[in-house]
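**Q** Letter by letter, the chains look like this.
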Amino acid sequence: MAETDQDPRSVVMLDRLIAHLQAAGVVTEAALRERMDAAASASPRNGARLVAKAWTDPEFKDLLLRDGTAAAESFGFYPAGGPPLGVLENTPSVHHLVVCTLCSCYPRWLLGYPPHWYKSFAYRARAARNPRALLEEWGMHFSRETEIRVVDSTADYRWMVLPMQPPQTLGWTNEELIEIVTADSLVGADVIRFDAAKLSP
Amino acid sequence: MLDLPLDRDVTVMADWPEERGPCHVRTPSYLRGKRGRIVAFLGAYEDPGDLAFGRPTVRRKLYHVRFSLDELWPGEAQAGDSILVEVYEHWLKD
Numbered sequence: 018m019a020e021t022d023q024d025p026r027s028v029v030m031l032d033r034l035i036a037h038l039q040a041a042g043v044v045t046e047a048a049l050r051e052r053m054d055a056a057a058s059a060s061p062r063n064g065a066r067l068v069a070k071a072w073t074d075p076e077f078k079d080l081l082l083r084d085g086t087a088a089a090e091s092f093g094f095y096p097a098g099g100p101p102l103g104v105l106e107n108t109p110s111v112h113h114l115v116v117c118t119l120c121s122c123y124p125r126w127l128l129g130y131p132p133h134w135y136k137s138f139a140y141r142a143r144a145a146r147n148p149r150a151l152l153e154e155w156g157m158h159f160s161r162e163t164e165i166r167v168v169d170s171t172a173d174y175r176w177m178v179l180p181m182q183p184p185q186t187l188g189w190t191n192e193e194l195i196e197i198v199t200a201d202s203l204v205g206a207d208v209i210r211f212d213a214a215k216l217s218p
Numbered sequence: 896m897l898d899l900p901l902d903r904d905v906t907v908m909a910d911w912p913e914e915r916g917p918c919h920v921r922t923p924s925y926l927r928g929k930r931g932r933i934v935a936f937l938g939a940y941e942d943p944g945d946l947a948f949g950r951p952t953v954r955r956k957l958y959h960v961r962f963s964l965d966e967l968w969p970g971e972a973q974a975g976d977s978i979l980v981e982v983y984e985h986w987l988k989d
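Residue numbers (our numbering), protein chains in the order written: chain R, 18 to 218; chain U, 896 to 989.
Keep in mind the hints are simulated off the structure, nothing from the lab. Computed from a predicted model, the values in this text were never measured in an experiment. Wrong hints could be hidden among the right ones.
[What the hints assert, rightly or not] For the chain R half of the interface with chain U, some residues (derived, Cβ under 8 angstroms), not all of them:
#, residue
1, Thr-118
2, Leu-119
3, Arg-141
4, Arg-143
5, Ala-145
6, Arg-146
7, Arg-149
8, Leu-152
9, Glu-153
10, Gly-156
11, His-158
12, Ile-165
13, Val-168
14, Ala-172
15, Asp-173
16, Tyr-174
Even for Gly, the Cβ is constructed at its ideal location relative to N, Cα and C.
Construct the entire structure; sequences and hints are all you get.
**A** Put into structure tokens, the structure is as follows:
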């Protein structure tokens, strides 16, 4: 990372900070590179692959819900030193919605950067206070028998949701299922929707 | 160190370290003084309140605690809806 006259001050400051941290033995070029590669390869598609596998393999589903970190590791998604991953299952009786009221905790190492609304004050306040009304606004109506359970990501874990598989997709292949899992559904901000006529194999 | 069994009802400390000076707190203010139930033990981690200031730290047990939204925001949310929050042991009492 060369320093030039054209670099914005923030870039110059970052380069100097990195140089000092390297000189002090806090970070190495290789460790930085590894983290940058992990960040670059993170995407909601990684989460979709875990979900599709869980939908088609009961043993993997058990592992995913019991030890999300190990499940992600088995796909090669887990970077050394990352925070543990917890996965919560949406069912007809409970719908989980993930929020971080204190900041913007999100399983970035797996899913990449959170969507912009996830970091907004409006989402963080409303999700924790009246999630049912928020989900209604987003076009999701849950019966009174379904408990809405908000998950406030406040500490060391990062949380992902295992959405419900639409019954019409039972029997689909892993690759077909990956295509219908959206980023929003991985934090409970959506349910799995799909155009059956267009996508049904 | 507390050892809290699953399904134990606990109260979050009604403490406000923000009023005593610089601090880093991972217990949301809306939970202070509220009653919830332990639903999972999540392991022990270095206290972020110390890590944030580069101080020597201790490992704290972390629990997943479930609170009724109706108790937190009376009259706003539907009865039965809830919120799950990670809370460190030193913020919990019987």
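**Q** Taking the closest Cβ pair, is R/Leu-152 under 8 angstroms from chain U?
**A** 10 angstroms, violated
**Q** Interface hint check: R/Ile-165, Cβ to nearest Cβ on chain U, cutoff 8 angstroms. Holds or violated?
**A** Where the cut-off is 8 angstroms and the nearest Cβ of chain U is about 4 angstroms from R/Ile-165, the hint holds.
**Q** At a threshold of 8 angstroms, is the proposed contact between R/Tyr-174 and chain U supported by beta-carbon distances?
**A** Because about 6 angstroms separates R/Tyr-174 from the closest Cβ in chain U, which is inside the 8 angstroms limit, the hint holds.
**Q** Please verify that hint: R/Arg-146, Cβ, nearest Cβ of chain U, below 8 angstroms or not.
**A** Holds - the Cβ of R/Arg-146 comes within 8 angstroms of chain U, reaching about 5 angstroms at its closest.
**Q** Quick check on R/Leu-119 please, does its C-beta sit within 8 angstroms of some C-beta on chain U?
**A** 6 angstroms, holds
**Q** Against chain U, is R/Asp-173 within 8 angstroms by beta-carbon distance?
**A** 4 angstroms, holds
**Q** Return the status of the interface hint for R/Thr-118: holds when the least beta-carbon distance to chain U is below 8 angstroms, violated otherwise.
**A** Check passed: Cβ of R/Thr-118 comes within 5 angstroms of chain U, closer than 8 angstroms.
**Q** Under the criterion of a CB-CB separation shorter than 8 angstroms, is R/Ala-145 in contact with chain U as hinted?
**A** 6 angstroms, holds
**Q** Return the status of the interface hint for R/Glu-153: holds when the least beta-carbon distance to chain U is below 8 angstroms, violated otherwise.
**A** This hint is violated: R/Glu-153 lies away from chain U, its Cβ roughly 11 angstroms from the closest one there, beyond 8 angstroms.
**Q** Hold the hint about R/Arg-141 up to the distance rule: shortest CB distance to chain U must be less than 8 angstroms.
**A** The hint is violated - R/Arg-141 has no Cβ within 8 angstroms of chain U, the shortest such distance being about 10 angstroms.
**Q** Please verify that hint: R/Ala-172, Cβ, nearest Cβ of chain U, below 8 angstroms or not.
**A** 4 angstroms, holds
**Q** For the hint on R/Gly-156, does the least C-beta distance to chain U fall short of 8 angstroms?
**A** 18 angstroms, violated
Checked against the numbered hints above, the structure breaks hints 3, 4, 8, 9, 10 and 11 and satisfies the rest.
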